[in-house]
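Q: Listed below are the residues making up each chain.
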Amino acid sequence: MFENILIPVSSEFYSKKILERSVFLAERFKSTINLVYIIEQKTLHQTDKISDSFRTHYNRLETSNDIIKKSRLRVDNIILNDAKFFLKNKEIPFKEKIVEGEFSNVVKRELDENNYDLVLMGFEKGCILNYRLLDEVNVPIWIESDGEGKSILAVCSNLAPNQKVPEFSVKLSEDLGWDLHMLYVVDMGDSVEVDETGQRSDRKSEKDLIFIGENFVEKMREKGVNARLVKGGLEKETVKAAEGIGANLVIVGREQKKKNIFGLPVKNVKKKIAEKCRYSILFVN
Amino acid sequence: MTIEADNFSKRRNTLLSRKDVFFIALAFSIVALFYLLPPPDGLTHNGQVMIGILFMAAILWITEPIPLAVTGLMIMIAQPMLGVIPAVDVFSSFGNQAVFFLIGAFIISVAIEKHGLHRRMAFKFLSRFEKNPRIFTLGIMFSCALLSFVMPEHGVAALFLPIIVSILIAMKLVPRQSNFGKVSMLCVAYGCSIGSLGTLIGGARNPLTIGVLSDIGITVTFFDWMKYSMPVVFIALPLVWLVLQFSFPIEIKDVTMAKKEIDNQLAIAGKMGRSEVLVLVILVFTVLLWIFFSSFPYLGLAVIAILGGILLFLTGCISWKDVEKRVPWGIILLYGGAITLGMSMQSTGAGEWIAHLLFKNVGSNPYLVIFAIIIFTILLTNAMSNIGAVAILLPIGIAISAEIPGISPLFASMIIALSGGLAFMLVIATPGNAITYSSGYFSTRDLFKVGSVSNIICILVIFTVAVVYWKGILGL
Numbered sequence: 001m002f003e004n005i006l007i008p009v010s011s012e013f014y015s016k017k018i019l020e021r022s023v024f025l026a027e028r029f030k031s032t033i034n035l036v037y038i039i040e041q042k043t044l045h046q047t048d049k050i051s052d053s054f055r056t057h058y059n060r061l062e063t064s065n066d067i068i069k070k071s072r073l074r075v076d077n078i079i080l081n082d083a084k085f086f087l088k089n090k091e092i093p094f095k096e097k098i099v100e101g102e103f104s105n106v107v108k109r110e111l112d113e114n115n116y117d118l119v120l121m122g123f124e125k126g127c128i129l130n131y132r133l134l135d136e137v138n139v140p141i142w143i144e145s146d147g148e149g150k151s152i153l154a155v156c157s158n159l160a161p162n163q164k165v166p167e168f169s170v171k172l173s174e175d176l177g178w179d180l181h182m183l184y185v186v187d188m189g190d191s192v193e194v195d196e197t198g199q200r201s202d203r204k205s206e207k208d209l210i211f212i213g214e215n216f217v218e219k220m221r222e223k224g225v226n227a228r229l230v231k232g233g234l235e236k237e238t239v240k241a242a243e244g245i246g247a248n249l250v251i252v253g254r255e256q257k258k259k260n261i262f263g264l265p266v267k268n269v270k271k272k273i274a275e276k277c278r279y280s281i282l283f284v285n
Numbered sequence: 286m287t288i289e290a291d292n293f294s295k296r297r298n299t300l301l302s303r304k305d306v307f308f309i310a311l312a313f314s315i316v317a318l319f320y321l322l323p324p325p326d327g328l329t330h331n332g333q334v335m336i337g338i339l340f341m342a343a344i345l346w347i348t349e350p351i352p353l354a355v356t357g358l359m360i361m362i363a364q365p366m367l368g369v370i371p372a373v374d375v376f377s378s379f380g381n382q383a384v385f386f387l388i389g390a391f392i393i394s395v396a397i398e399k400h401g402l403h404r405r406m407a408f409k410f411l412s413r414f415e416k417n418p419r420i421f422t423l424g425i426m427f428s429c430a431l432l433s434f435v436m437p438e439h440g441v442a443a444l445f446l447p448i449i450v451s452i453l454i455a456m457k458l459v460p461r462q463s464n465f466g467k468v469s470m471l472c473v474a475y476g477c478s479i480g481s482l483g484t485l486i487g488g489a490r491n492p493l494t495i496g497v498l499s500d501i502g503i504t505v506t507f508f509d510w511m512k513y514s515m516p517v518v519f520i521a522l523p524l525v526w527l528v529l530q531f532s533f534p535i536e537i538k539d540v541t542m543a544k545k546e547i548d549n550q551l552a553i554a555g556k557m558g559r560s561e562v563l564v565l566v567i568l569v570f571t572v573l574l575w576i577f578f579s580s581f582p583y584l585g586l587a588v589i590a591i592l593g594g595i596l597l598f599l600t601g602c603i604s605w606k607d608v609e610k611r612v613p614w615g616i617i618l619l620y621g622g623a624i625t626l627g628m629s630m631q632s633t634g635a636g637e638w639i640a641h642l643l644f645k646n647v648g649s650n651p652y653l654v655i656f657a658i659i660i661f662t663i664l665l666t667n668a669m670s671n672i673g674a675v676a677i678l679l680p681i682g683i684a685i686s687a688e689i690p691g692i693s694p695l696f697a698s699m700i701i702a703l704s705g706g707l708a709f710m711l712v713i714a715t716p717g718n719a720i721t722y723s724s725g726y727f728s729t730r731d732l733f734k735v736g737s738v739s740n741i742i743c744i745l746v747i748f749t750v751a752v753v754y755w756k757g758i759l760g761l
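Chains as they are written, first to last, in the working numbering: chain F, 1 to 285; chain P, 286 to 761.
With a cut-off of at most 20 Å between alpha-carbon atoms, the simulated EDC-like pairs for lysine to aspartate or glutamate come out as follows: (1) F:K97 x F:E110; (2) P:K399 x F:E62; (3) P:K399 x F:D66; (4) P:K610 x F:E62; (5) F:K240 x F:E275; (6) F:K84 x F:E27; (7) F:K276 x P:D731; (8) F:K164 x F:E222; (9) P:K610 x F:D66; (10) P:K457 x F:D82; (11) F:K49 x P:E349; (12) P:K545 x F:D76; (13) P:K606 x F:E62; (14) F:K69 x F:E96; (15) P:K734 x F:E275; (16) F:K207 x F:E237; (17) F:K42 x P:D731; (18) F:K17 x P:E536; (19) F:K16 x P:E536; (20) F:K42 x P:E349; (21) F:K108 x F:E96; (22) P:K457 x F:D66; (23) P:K457 x F:D76; (24) P:K610 x F:D48.
No wet-lab data here; the hints were simulated from the structure.
No experiment lies behind these values; they were computed from the predicted model shown.
Working from the sequences, and respecting the hints, build out all of it.
A: The following block contains the structure:
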């Protein structure tokens, strides 16, 4: 399922858990781990721009080189050391490189140039993460977080095509041996139905949307999946259900939620889920 | 392992963005508006144009579509172009001795950096604080502050960045997840900022303040400055350190690895070389001259600074190439613009008019005014460059002091100058914050959280020192 795993680590954020998880997945799926350490260009530029009038070009270059040198030292002394520790006595192919650039652009370029099946990364609220990455990339993105359990929450809704998520989550739960819980959210905040091709319908009544949802849940139950239907906001219900079952992993699909307040678009749904959910999330586009 | 550069990520550096063009157009439009509109009662046309130029400077210094120094130049040429002040008067501000003090201080700082004296001093200071992790972070803060007494704060932050990161890496502490890492890096940022208040060398806004004051006939010597500022420095340092300790409780128990790294670095540095000793002797000599002989009728600040600089050339410690490499000449231009702004705001009566307007709306309780000045300066300095904030507020502060009995121009200027150095909340507020942020050990959220509390503490410290010590004891 995941032969080639990309682990982008930003100079802004690193967690041992990412490596631990990658080794767990690599053992299960016989994958190759590719670690790319990204020295955030945005941070370098920012330091440079703010120091513009106060420090000379030479001084700024010295600082920039210091930052790059120390980032490299950090990779060698901490991250690769951790990797060695987790990979000890395990025959898992491991490659690493350091790139200077902007996180989202580097990840996109890596995905364009190589054949990866999974992006595994860490996340912290204060990071300069370009959230477009979550929508623009076709490869599944696994955001590793806390969670010790062995269960998966797969989230479907009237706002997603619900094609990949059911198939993907069933397969993953079988391969990992984790329990699967499926949630179908009827989100009346944006009362449309998204079809298999990702097209949004006209507005529908609550009754119609619940009927469609119940059909979906019934179909899943026939396949032996523990599925249920709830009514409410997609983000809120996802976080609530994840807390309820103590999910180790939440799988979210290509949702198409569009909601405006006074004509201004509200926060990206994926961003909201990533920020609020304490568990690992797998975005499947 | 080699480092690849992701060319797709590289920005266009040559052309201005639409946002930049918008802010430039906005700044110019405001000047044009102030030039064309009839002035209100009590304000001359020239005064109104100067207020327009002040707004232009504020917009350009906050949004930074062009380098800060270019805005400084723009302020200078706008005044003769709009007929406010003759060109001769505008450019004469470069004759102020504070400009040459700044140049001399920069040259001395070049020698300190070139011979690694600052690095040795940093390690020596740090080695005195290896007792436990908390004391070690206090040591970082004090070391940064002490070094910021003798060289510019941004240079100190840039010096400490690799030193502290090396120590944190040796201790295997990971960015964002280690509170010791957060506190250590924030101690660098805040230590440099607070230390820069201490002497005239730490921040360029300090010579700017004495330059503006000398234009109105008030002389402040090197020692005078220290006399006013040191209580603020030595009260604020431990208080801000305490805020850091409460905000991010340190998770590690010992600093053996840090001690090893410091010993290792001191061993690599070896014994002091001849040039390093010479730089140290000249530095001490210059500082002593500044303390004892910078007042009238002795040598004056600039003569001593330039003398120190020349001695470094005569002893072969530095060459002109070193000066070219490390002296930020842009700041001198920024300084020139800032000082003419202050001068013209006063001579056209614009500062006085703004002060009247403020009293009409806020009232004239001196304590309330002092408090308001401190808060406003700290808010402004968090949103723009320190020197810009001080340049904008000094003429207004001096005009306010003329209106309120009990507040002298020196008192108002010192409040603004010291508050102007306390940009704790945002990464963009000061190069020291940006440099330490680049280490990755703290987030913008961490900085804002702890910076806002520290700023509140410092507001109270400056207010108390100003009212009790400056006014009550020194009679300022």
